[in-house]
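**Q** Sequential numbering of the sequence shown, starting at 1, is according to UniProt numbering.
Take the hints with a grain of salt, since some may be wrong.
[Stated by the list, open to error] Using 25 Å as the maximum straight-line C-alpha spacing, the simulated DSS-like pairs for lysine-lysine come out as follows: (1) 12 / 147; (2) 12 / 102; (3) 150 / 84; (4) 89 / 158.
[What the hints assert, rightly or not] Cβ-Cβ distance ranges computed for the label pairs, FRET-style: (5) 19 / 103: 17 to 27 Å; (6) 29 / 67: 19 to 29 Å; (7) 16 / 141: 44 to 54 Å; (8) 41 / 145: 32 to 42 Å; (9) 111 / 39: 37 to 47 Å; (10) 100 / 39: 36 to 46 Å; (11) 134 / 107: 34 to 44 Å; (12) 39 / 146: 32 to 42 Å; (13) 179 / 154: 10 to 20 Å; (14) 54 / 143: 13 to 23 Å; (15) 24 / 100: 13 to 23 Å; (16) 20 / 98: 29 to 39 Å; (17) 102 / 39: 36 to 46 Å.
None of these hints come from the bench; they were simulated from the model.
Heads up, the beta-carbon is just placed ideally off N, CA and C, and yes, glycines get one too.
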Amino acid sequence: MSHQDLFGGSQKWDPADWTASDDSVRGGKSQSYLDVPLSEAGARFYGVLDIGTLGGAGFASQRTRCNNRKWDLSSYDGIQLDVKHSDGKRYTLILKDRLLPKNAETGREQATISYEYDFQFSMSIEGVPSSECFIPWDAFRPTYRGKEIKDAPKLNTKEIRRFSVMMRSFFGDQEGSFSLTVGSISAVTTDTSRMAEAVKTTSSDIVS
1 MSHQDLFGGS QKWDPADWTA SDDSVRGGKS QSYLDVPLSE AGARFYGVLD
51 IGTLGGAGFA SQRTRCNNRK WDLSSYDGIQ LDVKHSDGKR YTLILKDRLL
101 PKNAETGREQ ATISYEYDFQ FSMSIEGVPS SECFIPWDAF RPTYRGKEIK
151 DAPKLNTKEI RRFSVMMRSF FGDQEGSFSL TVGSISAVTT DTSRMAEAVK
201 TTSSDIVS
């Protein structure tokens, strides 16, 4: 299996690359943070999910900050998550291949299709090795404003524009404090015939 570390591993985590995107934009009170503790071999995504303010809904997320960055992952077969510690709750990894300018009137980002994958690891036990999860591209569900859409275009893996990790209520199923430590997020190739195609450099800065 060939792989390219995107965050973590050989590409050290930098909290400055990430920013919060919480339900405060809708009047909620959820909060999320991402930091890199010296004692951890990874980035810790944590915070508090409040579902009372929005009547059972709520979300807290961290997303990549730079809107001028893109990743060409077309030579790979999917994403691999290496999770060091989990609280046993359900999380969502979100990819976007298109970003629009902010709305001139509201200053908010305009919505585009998100490609989502929900994952859940058992609660971590001290001394137990970390867990890994391979997510093929076609496992990412296309959604728009939180609703799954049919006949959506396939994820453009040649131009990934954003990564996000989200904690959401799943219709009131979970709330309160959360904590997930991710060792790395990597693009991986499982098909041996494609391994030679995988390029060493998968991201570049472009001018929008």
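**Q** Each hint should be assessed against the structure and marked as holding or not.
**A** Going down the list of hints, with the structure as the test:
1. 12 / 147: 34 Å, violated
2. 12 / 102: 30 Å, violated
3. 150 / 84: 34 Å, violated
4. 89 / 158: Violated, at about 31 Å.
5. 19 / 103: 17 to 27 Å: 18 Å, holds
6. 29 / 67: 19 to 29 Å: 26 Å, holds
7. 16 / 141: 44 to 54 Å: Hint violated: Cβ distance 30 Å, outside 44 to 54 Å.
8. 41 / 145: 32 to 42 Å: 36 Å, holds
9. 111 / 39: 37 to 47 Å: Because 38 Å falls inside the window, the suggested range holds.
10. 100 / 39: 36 to 46 Å: Once the Cβ atoms are compared, 40 Å apart, the range 36 to 46 Å for residue 39 and residue 100 holds.
11. 134 / 107: 34 to 44 Å: Since the Cβ atoms of residue 134 and residue 107 sit about 38 Å apart, the hinted range of 34 to 44 Å holds.
12. 39 / 146: 32 to 42 Å: 35 Å, holds
13. 179 / 154: 10 to 20 Å: 33 Å, violated
14. 54 / 143: 13 to 23 Å: At 18 Å between Cβs, range holds.
15. 24 / 100: 13 to 23 Å: 21 Å, holds
16. 20 / 98: 29 to 39 Å: 21 Å, violated
17. 102 / 39: 36 to 46 Å: 38 Å, holds
Hints 1, 2, 3, 4, 7, 13, 16 from the earlier list are contradicted by this structure; the remaining hints agree with it.
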